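Heads up: the protein sequence lines correspond to chains S and X, in order.
Going by my numbering, the first residue of the first sequence is number 1, and it counts up by one from there.
Going by my numbering, the first residue of the second sequence is number 1, and it counts up by one from there.
Because the hints were derived from the structure by calculation, they are not lab data.
No experiment lies behind these values; they were computed from the predicted model shown.
Ideal Cβ placement from N, Cα and C applies to all residues, glycine included.
Possibly wrong hints are sitting among the right ones.
[Stated by the list, open to error] With the Cβ distance kept under 8 Å, some of the chain X side facing chain S (calculated, not the full set):
hint	residue
1	Ser16
2	Met20
3	Met26
4	Arg34
5	Arg35
6	Tyr76
7	Val91
8	Glu119
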Amino acid sequence: MDATRAEALPLEVRDRLLDGVTRPARYVDDEFNAVKKDHDRTAFKFALAFPDTYEVGMSHIGSHILYSVLNSRSDALAERVYAPWDDMAGAMRRAGVPLFALESRVPIRCFDVVGFTLQYELSYTNVLYMLDLAGITLKSVERGEHEPLVIGGGPCAFNPEPLADFFDAFVLGDGEEVIGEIATLVERRKGRREDLLLEMASISGVYVPRFYRAEYRKDGTIADVSPTKPGIPPIVKKRVVKDLDKAPFPISPVVPNTEVVHDRVSLELFRGCTRGCRFCSAGFVYRPVRERSLQRLEDLATKLSANTGYDEISLGSLSSSDYSRIRDLVSRLSERLSPQRVSLSLPSLRVDAFSVDLVKQVETVRKSGITFAPEAGSQRLRDVINKGVTEEDLMEAVEAAFDAGLDALKFYFMIGLPTERDEDLDAIGALVSKVISRYKARRGKKPRITVSASVFVPKPHTPFQWEPQVKRQEVQRRQSYLAQVLAKAGGRAVKFNWHDSRQSFIEAVLARGDRRLAKVVERAYHRGCIFDAWDDRFRYEEWLKAHEEAGIDPEFYANRARRDDERFPWDHLSTGVSRSYLAREREKAKESLLTPDCRWDECTGCGVCPALGIPLPGGGDCSW
Amino acid sequence: MAPRQRIRARISKTGSARYMSHLDFMRTLERALRRSGLPITYTEGYNPHPKFSPATALPVGYSSEAEISDFFLDRYTDPYEFGCAMNGRLVAGVHVMETSGVALNSPALASLPQSSVYEVLLWEALPLEELESRVRGFMMRESIPYVRRRKEVSDGRPRGDDTGSHEARPAKPDTRRGEKVIDLRRAVLSLKVAAPSTITMWVTDCRPDEVLRSLDLDKNVLRFMTVKKTSFYVKPREKWLDPMEFDTLPGSAGRGKWGM
């Protein structure tokens, strides 16, 4: 047994830790398809960290992809690590056990790289929590030569500035190719940490925040963010996998031993979405659309089913019914998988009758119910956000759902969208009344309706990146106004869920934050904020105190309207979509003008294809 | 379609697998069945799943070499082949140890009186004499009332296991809170100190930790222990029988045994 191996946490010690903790199965290895490699014989060791619980992290498909990409290399290993619940963290601290990876039980501080997936802003304090539990120095520049590189990826990496102090590097865009380039580079690691990072900064898609300096104006806005060293790119462009058919996909993903949030296997039909909903960050950062071929998907689904034994395959994508051959795919897969009683699910659907028919085809709708997301109640506001859904679409979808025998429907809306007025909330009530009366006409009673309303958070790299978030008091007024409207529209038939406006406020601060917020995140963590995305764990007062201590006004970030030409903290990070396109979309929003989807219409000139060297979906030149 | 074949399997759940809850364990078997491609019978209805019936549920944290389950199949399958196919597709720690064909009309194991033998290893070293005198004391009593209640944990989800108390108050359970009174003494068929810090017990309607808590041992002693179920019995008539010997089909066809 040599030095590295000896560091693995002995089983007896782990078993003592697990005695009495809630759901211990989430801290043990030995799941089906887990990959265990010898640390002594593997040059490059990567800890894939998800800053939330095992149940949440195991539901994330991106982590499964990277896990399989890294483990398919003979010179590399990847292991998983999640945020332990308090009881486990307490037991670990008392026993002096640092955060360890699931597969080998080796402390993650002994790995070469710890890579965090950044899926939502309210997971930021959990990053510090995990680094702290791991015994890894929080600040990037203070880390020792032998500490792992801490890198981050995922949608939040497109404005990672509030976390810039804690990360050595971020990866922008699709990770499956660039992660291999990082592995190769780190494996050859020679010389100092600083030199290695310098080399990493030359990999396309890699952003090393320490090589950039941010300067601020007197009014608090940013003057410039620029490289401090020669050879460092002034703008870091995201990476894209050009041909998704050739990209690796994990056909033997790890099957958890305990129930997780999405307890099914995911098959990614396509990446990106060009519907162009103006509030949607994913719609802009994952462009352009790249589909997998029908044949490849069929092959993958068959293998996934045989290798995992799951009873459900989720046909995932940003808008699954937009897959160009979705009907063929659904009927072929249903036929192929029915002997094993494997069902299909379509997690994100357009609001129309076509989509409802699809759902009817793949699953017993009674089982899961159906959710429509018109996002806004009035046609005017739906046009502002470019949702591209008419009331006719919606009512057709509702009728189709009733045809399918459903008597419970869920609707998803957002409160606080730009230009929203009380009339738009009234329109939600009118819509609900209409749905109820349609149902009544058929069955003579009221259906069960659930209306969920989140709070709009303006996101970077979207046409609404300039917009202020509606102030909290006003959000609360609108929430109770909508509650009254819905009570009038449907009485007890309508259940209304709304999102905690305080959580959305902190999310809005972090989403468009800059480097000065590092202090706030750190103080919030030290004040006990972890698992902020969990409603019952979120501690608003502590977040406010953290801002106060750092001398930072959160409203400056959340509620301020930006000047047209304001320099944003994320302007040196490029999704490929041009800023001028976003500005044009913003103008069109103000006039309720729609922008079509370039998959079925002409090029809208967002600039992503030429910027990333990808041929246009319909051929020809970008109209940008 | 009515099943054509019923196979009884004795399955082990050891190592990391002992941290699975009963539901986790059920899902694990279900997925292994799907992966194996065996002609398992599926239940009817909106949400079909492989048809098998476990005899009992094992608490989280216990290991076992005697989890018995009956599997129903659409086509005749050799029980030995069944075991091999499952073992090739199961997770580490879960293993089919023995299989046998069973008469299709045999009663469900879960409907019969049941008993289990557990081996408990206390991590804290305890003098042999002390342990033995506690055990004697327990066995000499005529009745030991015990209030069993369900427990909730901090995140609001029930943990899926029971806890109880021997509070001095009269054994009147709060049924609204899911409490009930059992007689522990009657539930214990035998209780022995097998070796220093090792107890074996044969029990019917109670759990080993409930028995241990009635031995008046130090709290710290009870904090860490390893529990393993080593045998399981059912009583279809007057005698306790090994389910692998009960209503199993005669003949050499289809018996399988595997090492751990």
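For each hint, the structure was consulted:
1. Ser16: holds, 4 Å
2. Met20: Nearest chain S Cβ about 5 Å off; hint holds.
3. Met26: Where the cut-off is 8 Å and the nearest Cβ of chain S is about 11 Å from methionine 26 of chain X, the hint is violated.
4. Arg34: The hint holds - arginine 34 of chain X has a Cβ within 8 Å of chain S, the shortest such distance being about 4 Å.
5. Arg35: At about 4 Å, which falls below the 8 Å cut-off, the nearest Cβ of chain S leaves the hint on arginine 35 of chain X intact, so it holds.
6. Tyr76: With a closest approach of 18 Å, the tyrosine 76 of chain X hint is violated.
7. Val91: holds, 5 Å
8. Glu119: Hint violated; glutamate 119 of chain X Cβ to chain S Cβ min 16 Å, cut 8 Å.
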